[in-house]
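*Asks:* Protein sequences appear in the order of chains P and Z.
The numbering of the first sequence is the numbering used here, which starts it at 1 and goes up by one.
The numbering of the second sequence is the numbering used here, which starts it at 1 and goes up by one.
Quick caveat, the hints were computed from the structure, so don't treat them as lab data.
Don't take each hint at face value.
Unchecked claim - Below are the PhoX-like pairs computed for lysine-lysine, each with C-alpha atoms no more than 25 Å apart in a straight line:
no., chain 1, residue 1, chain 2, residue 2
1, P, K127, Z, K321
2, Z, K109, Z, K68
3, P, K371, Z, K130
4, P, K130, Z, K371
There are 2 protein chains.
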Amino acid sequence: MATTETATLQSDSSESAAEVHPLDGVFSPKSVAVIGVTPTPNTVPFDIFQNILTSGYRGTVYPVAPGKRSIGAVRAYRYVIDIDDDVDQAVIVFPANVVDRALEQCGKKGIKSVIVISAGFREVGPKGIKREQRLKDICKEYGIAMIGPNCLGVINTDPAVSLNASFARKMPKVGRIAFLSQSGALCTAVLDFARARGIGFSKFVSFGNKAGVTEIELFDYLHHDDQTDVILLYLEELRNGRGLIEAARRITRGENAKPILAIKSGRTPQGADAAASHTGSLSGEDAICGAVFEEAGVIRVGSMEEMFNAAIMYTYQPMPKGDRIAIVTNAGGPGVMATDAAVRMGLSIPRFDQSTTDILQDSLPDTANLKNPVDVIGDARADRYTAALKAVLDDPNVDQALVILTPQSMTDIDSIARGICQIHEKAGKPIACSFMGATDVHSGVELLQEARIPHYVLPEWACEAMAKVQAVRQWRGQPIEQVQPLPVARDAARAVSAAAEPGYLSEDEALRVMGAYGLPVPRHKLCFTVEEAVEFAGEIGYPVVLRIVSPLIVHKSEVKGVALNLSNAATVRSAYDQMLRHISSVFPDTEIRGVLVRGMIPAGHELIIGAKCDPVFGPTLMFGLGGIYVELFKDVTFALAPIDRATAARMARRVKAYRLLEGMRGGARADIEGIQESLIRVGQHVSDFDRIAELDVNPLIVGPAETGNAVADVRIRLSE
Amino acid sequence: MATTETATLQSDSSESAAEVHPLDGVFSPKSVAVIGVTPTPNTVPFDIFQNILTSGYRGTVYPVAPGKRSIGAVRAYRYVIDIDDDVDQAVIVFPANVVDRALEQCGKKGIKSVIVISAGFREVGPKGIKREQRLKDICKEYGIAMIGPNCLGVINTDPAVSLNASFARKMPKVGRIAFLSQSGALCTAVLDFARARGIGFSKFVSFGNKAGVTEIELFDYLHHDDQTDVILLYLEELRNGRGLIEAARRITRGENAKPILAIKSGRTPQGADAAASHTGSLSGEDAICGAVFEEAGVIRVGSMEEMFNAAIMYTYQPMPKGDRIAIVTNAGGPGVMATDAAVRMGLSIPRFDQSTTDILQDSLPDTANLKNPVDVIGDARADRYTAALKAVLDDPNVDQALVILTPQSMTDIDSIARGICQIHEKAGKPIACSFMGATDVHSGVELLQEARIPHYVLPEWACEAMAKVQAVRQWRGQPIEQVQPLPVARDAARAVSAAAEPGYLSEDEALRVMGAYGLPVPRHKLCFTVEEAVEFAGEIGYPVVLRIVSPLIVHKSEVKGVALNLSNAATVRSAYDQMLRHISSVFPDTEIRGVLVRGMIPAGHELIIGAKCDPVFGPTLMFGLGGIYVELFKDVTFALAPIDRATAARMARRVKAYRLLEGMRGGARADIEGIQESLIRVGQHVSDFDRIAELDVNPLIVGPAETGNAVADVRIRLSE
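Bound-form chain P, shown alone (with noise of 0.2 Å):
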């Protein structure tokens, strides 16, 4: 959050600026070489190392081009292996089907970083993905690290480098934020847009099909280069879902910590066809991600411009002490609209001291609203934006200010973006300005965007921008926990599934596994006669529940394998006999094993805590309000287990359902503790076994603190 474009010395002594990264001879290489260059301008092999030869790249370049003496004017090489010098770098711009042997030749070379632009891999097909499987291949012989294939190239804007290694059109300008991109197309469309808005880059990565380096290791690079104060992330298929939460935890908190904004857009590697995945992503995977995201201080934004317009937040303006926000305005309607879209986005606006208002009263005229948001009225000129800005500034109730303009005819509006620059150069809190309108205030917004204070077209997009800043400070200060794993007796349910076949665990089993794991479990037994449950009803004391227990049946209630509130032998009798009967003449074939018989559970709130081994992200826990509203409301989040207390705590926070369990309504406050307990031991339990495709405690009926939770039915499924 350096607020100039120099370099900052790094804090972290363990990373001396001597020490080599291994991603270092992607950004810093001494030498680079192009392989597949032609004469032809406008083709993606002659722009690029025309690229790499006009951006003022401090190292040299040699173009290999079989059968040319010298492109541009450049003497060139038939293979890369002909150089008659070090290496650190190719750039492959071959067609498809030879670039195996480009690659080969350059680990022979010793060349160990190596920029593949080539399409025609992965995302073409069966023959792609052998060709790309080959490439792997290579790099893991020579120990070379792949950007690529199939991307736009690499951007180190340092002064120190200067190497634009892409097909981009023009460098962009310097800056503190690295851009990560899966997609090669969208990052031309992102350097036009910066450049309209003068937003200067450190790095600016095209990743492709990440078959060599992924994201994952560039958010490593990028944690340790102090080039870099935010990372921004364009994404498209979550390969290691699990790899990249862990690398993000690591950079978005603790020393040296940068935030991520990040565009997950819906495609998976299983979807060709764009839509039907879309849809696919949205009800599964897309809900994990959003939570999964949070829980890595990952702020997931919608589109380019919300990642940008919080991007320039964070890097121009220093970090804000509160969520508190002044606002200042020559119309009464935006400051309106601001207003509104500051508390959506849960900022909060408060009262000046008695001082400020007086000062404001003395600088504004009597038309004027001294309360936040301050109206200045349509006529004001440079005099009371600043008077306005100064006072809100200083005031200690004030974290940060928004300058809202709006070109009236009396608007000095140069004049106005002076004022404001000149504050802000000691202003010690963040400012951001919202100047409306487009031509009029065309000079002014330049003047603000000569000084690093944000802008945004649409007052709107300062809150939400603020907010996202917010966002970043709350994580931050979310405590680092150690998973610290709770005694449990893990050799019983191991026990249990070892023995299991894949498919559901029948509910007995699947009890066992709990109580193994701690959660509160009733006391319950399978009974394998009508005296045998009676017996067991007595021990545990009437009212009791009867439930089927068979491999074949799912849904017990369903097919009348559920007897409730039982209230004497009699009726346990009458109902065992019943259900046995029942169920035997729908299904005479079922193998039935037995009935578990348990105590009622006494009413409470319907939770659902479910886990599984996904695919993407590892071991992952869900939480949230069970029954028939799961489906409904999908009032549910997810993190990635194991889980350490804070995050159970967020996890139980972050759903609607809360203030239901904190007492809604003077309801009694529920057995929180209880829930985040259960949270974190079938966290441990889902990350200690890999064979879980499904586990289901639901619902977990939740009660008031005296009288605790207890798992009323719970499910799970092994996989082979």
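Position chain Z relative to chain P; hints supplied.
*Replies:* Using the frame of chain P, we list chain Z on its own:
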């Protein structure tokens, strides 16, 4: 939805061009007097006069400037009555304290249209409110249509008038969008913003304090204005919500239908404190506002960006036949993001016919994606774009197309734009574009804008705009029904409430009222002795419920005033005695009116039907999920009462709980027709009785069709 700027003939024969609308003088005066002009440039009074003089106004403008012979070389008058000509319109720019005198002179002069620019009225407190009332009185006396006070003025771009009676810097382009704003300052920003995008306006009105002409009369004028295709409204304060909704209903459907897009920001007349009022509005009025706008075909938008994005889509392009969108892109990433957005917004992504796929295959390289979204690949030039766009538009499964372009080094942006323009000329289906970036794509974007092809910086915004046009289409497809009053025992209901004091009706009274209006009230009796209770219980059959009836006890269960599931005479007796004993001991002075006896209602879904006479919207109806989840998920919707059958059906469908009612997870379909009938009946009740401060049927227990629904509890509070 004309695609040219020329006026279309009025199709509504009852509104011939010769007929004069009361607001014609506001928009098309033959002569204008500007009262209070000063000779100082860059002041509001001078600027307004100058704007009229230099905007190409086809009539005559007279400056009224006491003590000046001329203003800007135009002969000035001391008073408006001194002008020796008919004056159709006056624009008053005098200080607030003398506006009334100028207005009175206008009245005497026979001027029927006045625009009061001056501020210093209602917005400054009691003194201003008094001043404003004086203006209203004068308008009434002389029959003056007054715009303002406290506004920017009025613009009519019609070449036959060409009037800029405002202090906006420049006259906007001619267009078919009308913009109405309560905020004057916002207008200047909007004009600047629109100019930069080549967006024109038909009429542009800043109506300020709306002491005379309100948005409702303006709606009516614009409905009949053949220069206007779409109406945009920025509103801070809903004074006559019902009037606005009724006007909107007339305009947005039927003959000569025009869509209305509205921003309603948080401020209410009650709230000087923007923050406090905002929070208030979010919980109450704002929720009603959202739903009743929807029920009047008003599309509520959140920002200027969203508003204009939709407005240009609607006015520039023909109405699509359906919601199926084809996407053509040279960049996979943005294509996926657009697909995500389209699906999220409710558009559908069709599959192409085989013949389309064949054409695409012939025109595109092997690596192209021939499915929707069509990826013409990064190196595509105009030929590929036009071939693909033409093919998808010709496909019978496609209703509209979105073209996405990212500026690659080989992209011939202008040629592609020209190709799209050519196809657009005879496409007959809507086309939108997103040329992503800024500088690189600038000239291409200008070509599109000139051809009136909507262009969006982000593809997501194009999808959002297209989805809003779908909302217009769907709204127009809704049946227009007359509200048919159902036969009810209105007199019986009247007898109850006529006798009632302000405050809550007792339960038996409330049930009687609901019964009179035909709600499914279970058989019940207010009993005064235990014998009477036992006798009635025997009559209706066990099990029964007892409920205490006392004017001071609203929450019966909290004081043990409810006994459920009583299965025989003995339990009724003991419950009756116990209930009376308990309540008499806890509330010794409470008047107990009796004990209500009714049968148990079978289990079902808990819904809520609410109603009230709202100060802004009049009789208003609410529907949603009842019980404890009302507060948690706020799964409720609203409509103005009374309602027709189509509205009742839409209300039911609009809540998430509808899926539950339809029979989720194999559950039976609920008696949805019964719910709709109850909604209509409660709506009829709240319309018939204007003393309903609060009415809540909560819960309405909803069972499957064969069981039907039952009012389990109802509370009615009457006002004075």
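*Asks:* Between K109/Z and K68/Z, is the straight-line Cα distance small enough, at 25 Å or below?
*Replies:* At roughly 21 Å apart (the allowed maximum being 25 Å), K68/Z and K109/Z satisfy the hint.
*Asks:* Tell me if the straight-line CA distance from K130/P to K371/Z falls inside 25 Å.
*Replies:* It holds: about 23 Å lies between the C-alpha atoms, which stays within 25 Å.
*Asks:* Are the Cα atoms of K127/P and K321/Z separated by 25 Å or less?
*Replies:* violated, 41 Å
*Asks:* Would you mind confirming whether the straight-line C-alpha gap from K371/P to K130/Z stays at or under 25 Å?
*Replies:* holds, 24 Å
Against the hints set out earlier in the document, a violation occurs for number 1 only.
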